[in-house]
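Put together the whole structure using the sequences plus the hints.
Protein chains in written order, with my numbering: chain A, 1 to 315; chain B, 1 to 248.
One or more of the hints may lead you astray.
Stated by the list, open to error - Once the Cα atoms are required to be at most 27 Å apart in a straight line, the calculated DSSO-like pairs of lysine-lysine come out as:
(1) A:LYS189 to B:LYS161
(2) A:LYS179 to B:LYS152
(3) B:LYS16 to A:LYS140
(4) A:LYS274 to B:LYS16
(5) A:LYS311 to B:LYS227
(6) B:LYS246 to A:LYS158
(7) A:LYS189 to B:LYS246
(8) A:LYS189 to A:LYS52
(9) A:LYS314 to B:LYS227
(10) A:LYS179 to B:LYS161
(11) B:LYS152 to A:LYS289
(12) A:LYS274 to A:LYS314
(13) B:LYS2 to A:LYS179
(14) B:LYS16 to A:LYS289
(15) A:LYS16 to B:LYS28
(16) A:LYS309 to B:LYS227
(17) B:LYS246 to A:LYS274
(18) A:LYS274 to B:LYS23
(19) A:LYS206 to B:LYS182
(20) A:LYS106 to B:LYS227
To be clear, the hints were calculated from the coordinates, so they are not data collected in a lab.
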Amino acid sequence: MAVFVYAENINGVYKKAAFEAVSYAKAIADQSQDSVTAITVNPTDSSDLLYKYGASKVIRIEDAGLKNFSPKAYAEAVNQVADGNIIVFPHTTDASSIAPMLAVTKNYSLITNVIAVPESISPFQVKRRSFSGKGFMHAKAEGNGVIVTISQNAYGVKENPVSGSEEEKNLSVANEDTKVISHEQSSGKLDLKEAEIVVSAGRGLKGSENWGMIEDLANVLGAATACSKPVSDIGWRPHTEHVGQTGKAISPNLYIAVGISGAIQHLAGVNGSKTIVVINSDPEAPFFKSADYGVVGDAFQIVPALTEKIKALKG
Amino acid sequence: MKILVCISSVPDTTSKINFTADKSAFDKNGIQWVINPLDEFALTKAIQLQTAKGANVTVVNVGGAETEAVIRKALAIGANDAIRVNMEPKDSFSTAKELATVAQNGGYDLILCGKESIDYNGGSVPGMLAQFLGQPFVNASVGLEVEDSGAKVSREIEGGKETISVNLPAVIAGQKGLVDEKELIIPNMRGIMSARTKTLQVVEPVSSEVKVQSVSFDSVPPRAAVKLVSPDNLDELVRLLHEEAKVI
Chain A
1 MAVFVYAENI NGVYKKAAFE AVSYAKAIAD QSQDSVTAIT VNPTDSSDLL YKYGASKVIR
61 IEDAGLKNFS PKAYAEAVNQ VADGNIIVFP HTTDASSIAP MLAVTKNYSL ITNVIAVPES
121 ISPFQVKRRS FSGKGFMHAK AEGNGVIVTI SQNAYGVKEN PVSGSEEEKN LSVANEDTKV
181 ISHEQSSGKL DLKEAEIVVS AGRGLKGSEN WGMIEDLANV LGAATACSKP VSDIGWRPHT
241 EHVGQTGKAI SPNLYIAVGI SGAIQHLAGV NGSKTIVVIN SDPEAPFFKS ADYGVVGDAF
301 QIVPALTEKI KALKG
Chain B
1 MKILVCISSV PDTTSKINFT ADKSAFDKNG IQWVINPLDE FALTKAIQLQ TAKGANVTVV
61 NVGGAETEAV IRKALAIGAN DAIRVNMEPK DSFSTAKELA TVAQNGGYDL ILCGKESIDY
121 NGGSVPGMLA QFLGQPFVNA SVGLEVEDSG AKVSREIEGG KETISVNLPA VIAGQKGLVD
181 EKELIIPNMR GIMSARTKTL QVVEPVSSEV KVQSVSFDSV PPRAAVKLVS PDNLDELVRL
241 LHEEAKVI
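This is how it looks when you write it as structure tokens:
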């Protein structure tokens, strides 16, 4: 039986999280000697992009009624085509809203925030992030079917090209409970949860007017920007940038923290990062204990200088 | 209008998380319990609707008797009454199922939850609850207005915000932004006193079906000691990131 995977797209264009989920599904399928079938709703991107990560079949759902996102309607659409007992979703905002509804419809176990390949397929057991990054849980599914959501930037994208075929499926799922009034989405901005490098700053920056140097550093690195909780509470930066226990949990390859002391709630949201750099004027800042590299000094001197040096490296 | 707010009792955000010696469970020793912070945004929004529209706000929690202190805090914040389902929550599925039963029995116009709990981080209960009830579901909500015809909800999307109208009843899961941190209500003495006499109904669970077992837990491994680089030698930092960590 095929391993099914939900390949999320935004306005028809696949997200990196979709490629991660397909890569992950392929790793399961290799263990259970199955193939991977990807499901996507109203795509414009080519299915070749999914074959590259190991999907040998792509079901392209075409449904004008699903032009606007609704977890309930999307769960019903996926339910109609996913007839396997393992279904993989990325743990994005949208996909992680669909998965619980589908789990109830299918009467499957749901394991979210998964960060590694399964320890066993039958019974299905896997490691997941828990306690807001302060711990890990090994979770075991009871029963026959399981749905997993894959934490972003955890398993990663792994190329595994296969020859594939596609099937177009025309559906007309009822989607009348919700209506979109307005939709604002900036296409140029890097998604914080998908970003491989994140530059983050805290109260040490003293005011929102000082964020220019953070954005400059982020720009030369191709990084997303983030902030600590107090900064978003004061309103220097939007809530969407708040990383930490009650904000977003992220796991980039490189996390650069500027003027953030490193309270336990902040660390919880970022300790999945591969490499952490801390820049702080206080040598006693607790964050240094959880960092790989540290610079003790004045951020207002260090950050612009670091930006110039990285610019030089990138030539 | 009747609003049901689902709350979870979780370790205070400053807690260090330890596991029992055999790693089979979370070690609750010395833990201070609080209303899950994301649920508190939902509760605060409900209290605002109580003030503005005269809504009746019921809080519900699935948990043992030890969670009643947290439930009383929700009553002190301003909820009218409370229900506790007398069951140690084992997984999202069983918790959502109990909440669905309470919701069906009460006939609520609106159900508010936090997007996820900060302990087990399933992020699954609100969506499961909506599906058990056959109601529409909006996740990651950062704004809510209740109108005569339904609700107007803003939700966070990657790189932006979407505002939608939703038919009620519906399940709406919120996060910071649904209300601001500064709008959170600190209970005053009158609230605390009146919370003692408000109704806290205890109901027994209807099902015991569990879909996911927590087999064991691991702590986060500590990082190796930090390598400090002088602010006068940032070339070295760039070299380390480029050649050693290979991240730039």
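Status of the hints after comparison with the structure:
{"no.": "1", "hint": "A:LYS189 to B:LYS161", "in the structure": "holds, 13 Å"}
{"no.": "2", "hint": "A:LYS179 to B:LYS152", "in the structure": "holds, 9 Å"}
{"no.": "3", "hint": "B:LYS16 to A:LYS140", "in the structure": "holds, 25 Å"}
{"no.": "4", "hint": "A:LYS274 to B:LYS16", "in the structure": "holds, 21 Å"}
{"no.": "5", "hint": "A:LYS311 to B:LYS227", "in the structure": "holds, 23 Å"}
{"no.": "6", "hint": "B:LYS246 to A:LYS158", "in the structure": "holds, 18 Å"}
{"no.": "7", "hint": "A:LYS189 to B:LYS246", "in the structure": "holds, 24 Å"}
{"no.": "8", "hint": "A:LYS189 to A:LYS52", "in the structure": "holds, 26 Å"}
{"no.": "9", "hint": "A:LYS314 to B:LYS227", "in the structure": "holds, 23 Å"}
{"no.": "10", "hint": "A:LYS179 to B:LYS161", "in the structure": "holds, 14 Å"}
{"no.": "11", "hint": "B:LYS152 to A:LYS289", "in the structure": "violated, 45 Å"}
{"no.": "12", "hint": "A:LYS274 to A:LYS314", "in the structure": "holds, 21 Å"}
{"no.": "13", "hint": "B:LYS2 to A:LYS179", "in the structure": "holds, 23 Å"}
{"no.": "14", "hint": "B:LYS16 to A:LYS289", "in the structure": "holds, 15 Å"}
{"no.": "15", "hint": "A:LYS16 to B:LYS28", "in the structure": "violated, 38 Å"}
{"no.": "16", "hint": "A:LYS309 to B:LYS227", "in the structure": "holds, 19 Å"}
{"no.": "17", "hint": "B:LYS246 to A:LYS274", "in the structure": "holds, 10 Å"}
{"no.": "18", "hint": "A:LYS274 to B:LYS23", "in the structure": "holds, 25 Å"}
{"no.": "19", "hint": "A:LYS206 to B:LYS182", "in the structure": "holds, 20 Å"}
{"no.": "20", "hint": "A:LYS106 to B:LYS227", "in the structure": "violated, 50 Å"}
Hint check: violations occur at hints 11, 15, 20; the rest are consistent with the structure.
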